[in-house]
Amino acid sequence: MKTKFLIQGPRDRDKVVSLFPFFMKLNEYFPEAEVNVVIDKGLEDVLELLPHKVRVYPLPESLNTIVGIHKFAVNVTDVFNVDYFFDFSFDYKGALTGFCFRAKNRIGENSGGKRLLYTKKMEIASNLTALDLISINYLNSILEKDMDDFFYQLPEKIAVEEESNVYQLFEDTKPNFFLLKNSEKNFELWKELLLLMDSGTVVIWDMKNLNFWQEFKSDENLKVELIIQGEVEGQSFLPELIKKAEYVITDDKPLAHACIFYEKRAFLFSEDNYTRIQSNYFSNVEDLIITEENDVVEIFKDGKKKEIRVMDEVLDLIHDVMKL
Numbered sequence: 001m002k003t004k005f006l007i008q009g010p011r012d013r014d015k016v017v018s019l020f021p022f023f024m025k026l027n028e029y030f031p032e033a034e035v036n037v038v039i040d041k042g043l044e045d046v047l048e049l050l051p052h053k054v055r056v057y058p059l060p061e062s063l064n065t066i067v068g069i070h071k072f073a074v075n076v077t078d079v080f081n082v083d084y085f086f087d088f089s090f091d092y093k094g095a096l097t098g099f100c101f102r103a104k105n106r107i108g109e110n111s112g113g114k115r116l117l118y119t120k121k122m123e124i125a126s127n128l129t130a131l132d133l134i135s136i137n138y139l140n141s142i143l144e145k146d147m148d149d150f151f152y153q154l155p156e157k158i159a160v161e162e163e164s165n166v167y168q169l170f171e172d173t174k175p176n177f178f179l180l181k182n183s184e185k186n187f188e189l190w191k192e193l194l195l196l197m198d199s200g201t202v203v204i205w206d207m208k209n210l211n212f213w214q215e216f217k218s219d220e221n222l223k224v225e226l227i228i229q230g231e232v233e234g235q236s237f238l239p240e241l242i243k244k245a246e247y248v249i250t251d252d253k254p255l256a257h258a259c260i261f262y263e264k265r266a267f268l269f270s271e272d273n274y275t276r277i278q279s280n281y282f283s284n285v286e287d288l289i290i291t292e293e294n295d296v297v298e299i300f301k302d303g304k305k306k307e308i309r310v311m312d313e314v315l316d317l318i319h320d321v322m323k324l
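Per the working numbering, the very first residue in the sequence shown carries number 1; after that it's consecutive.
To be clear, the hints were calculated from the coordinates, so they are not data collected in a lab.
Among the hints, erroneous ones may be present.
[To be verified] Distance condition first, Cα-Cα at most 35 Å in a straight line; then the derived DSBU-like pairs of lysine-lysine:
1) K53 - K4
2) K223 - K208
3) K208 - K243
4) K120 - K191
[Claimed, not checked] The calculated label-pair distances, taken between Cβ atoms and stated as ranges, are:
5) E28 - N105: 18 to 28 Å
6) L195 - V297: 14 to 24 Å
7) E144 - V297: 32 to 42 Å
8) S141 - V310: 44 to 54 Å
9) S126 - S218: 23 to 33 Å
10) N137 - K53: 22 to 32 Å
11) G113 - K191: 23 to 33 Å
12) D146 - S283: 15 to 25 Å
Ideal Cβ positions, reconstructed from N, Cα and C, are used throughout, including at glycine.
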């Protein structure tokens with residue numbers, strides 16, 4: 001009989017990304033297991049970026065109460081006979097989730113009244129402790145021996161994949177393409193960058209600017225081939241694109257970090273309020289482009305900041321890092 005896990009996710013997007021090493025090691029040690037995740041509605045898209053599938057159950061805000069969690073657990077009838085529950089919310093409602101699903105073994109922080117709902121109580125970690133370190137310690141608590149040390153590192157150079165591995169969508173195009181995924185940035189920012197490129201193929205994932213992208217395809221100054229995937233809902237198809245892409249350009253912080261687990265490089269466009277994700281087991285995004293509205297103002301390469309005035313220097317950064 002397969003082992004069944006239930007994980008209560010964190011309540012913050014950065015912290016959901018921090019759980020990726022936990023999920024990958026859980027899959028490595030229990031490859032046949034059923035892994036179920038309860039996550040606050042609105043955060044489930046981050047889990048779609050995992051290199052392997054987990055069963056995700058978004059918790060609506062209306063049920064994110066002590067009474068509502070019990071109702072939620074009763075109605076999720078396909079999650080039962082849970083062997084292990086891990087609580088990474090670190091609050092009473094998260095602890096209550098494992099209790100309401102009647103998980104046999106419930107692992108959580110030995111703190112406050114919630115500790116009474118756990119069968120295995122873990123030492124309280126400092127506020128400065130990275131969540132991925134905490135989660136791996138939780139996983140080690142059910143293993144026969146602690147796992148060996150590991151680290152997910154950005155590759156120095158992206159190897160070009162063989163044509164036979166190219167996803168069917170691209171069988172009539174060049175196998176080398178990069179992915180551009182936009183969430184919030186102005187279309188004009190991406191347009192300026194692409195108009196500077198001399199050649200290549202780019203897959204566009206941008207639900208908000210489909211009309212602009214369609215019109216841009218016929219721009220006589222554009223030398224890059226556009227493949228527009230904006231009609232795809234959700235992010236479940238994104239992992240397939242990440243696997244086949246040469247590199248990724250995005251303003252989506254979770255996506256940029258998820259690329260690390262595919263051994264792909266991401267160039268992250270962010271406002272100047274960017275904060276690094278605290279981690280023990282994976283590197284942070286090293287290729288960072290800081291913007292103010294529609295203008296790029298700084299780039300970070302190898303941890304070093306450089307003020308810039310023109311988009312050409314962003315293209316130079318991509319060429320330099322990717323050895324293009």
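Hint by hint, here is what the structure shows:
1. Of the supplied pair hints, the one linking K53 and K4 holds, its CA atoms being roughly 14 Å apart against a limit of 35 Å.
2. Between K223 and K208, the direct Cα distance comes to roughly 23 Å. Compliance with the 35 Å bound is thereby established for this hinted pair.
3. Restraint check: the Cα-Cα separation between K208 and K243 comes to about 24 Å, which is no more than 35 Å; the hinted pair holds.
4. At most 35 Å may separate the alpha-carbon atoms for a hinted pair to count; K120 and K191 exceed this at roughly 53 Å.
5. Judged by the Cβ atoms, the range 18 to 28 Å given for E28 and N105 holds: they are separated by roughly 20 Å.
6. In this structure the supplied range 14 to 24 Å holds for L195 paired with V297, their Cβ-Cβ distance being about 20 Å.
7. Range check, E144 to V297: about 52 Å between beta-carbon atoms, so the 32 to 42 Å window is missed.
8. A beta carbon spacing of about 52 Å between S141 and V310 agrees with the range 44 to 54 Å that was offered as a hint.
9. With their beta carbons about 56 Å apart, S126 and S218 fall outside the hinted range of 23 to 33 Å.
10. Taken as a hint, the range 22 to 32 Å holds for the pair N137 and K53, whose Cβ atoms sit roughly 25 Å apart.
11. Under the hint 23 to 33 Å, the C-beta atoms of G113 and K191, about 54 Å apart, miss the expected range.
12. The supplied range of 15 to 25 Å is met by D146 and S283, whose beta-carbon atoms lie about 22 Å from each other.
Of the hints listed earlier, those the structure fails to meet are numbers 4, 7, 9, 11, in rising order.
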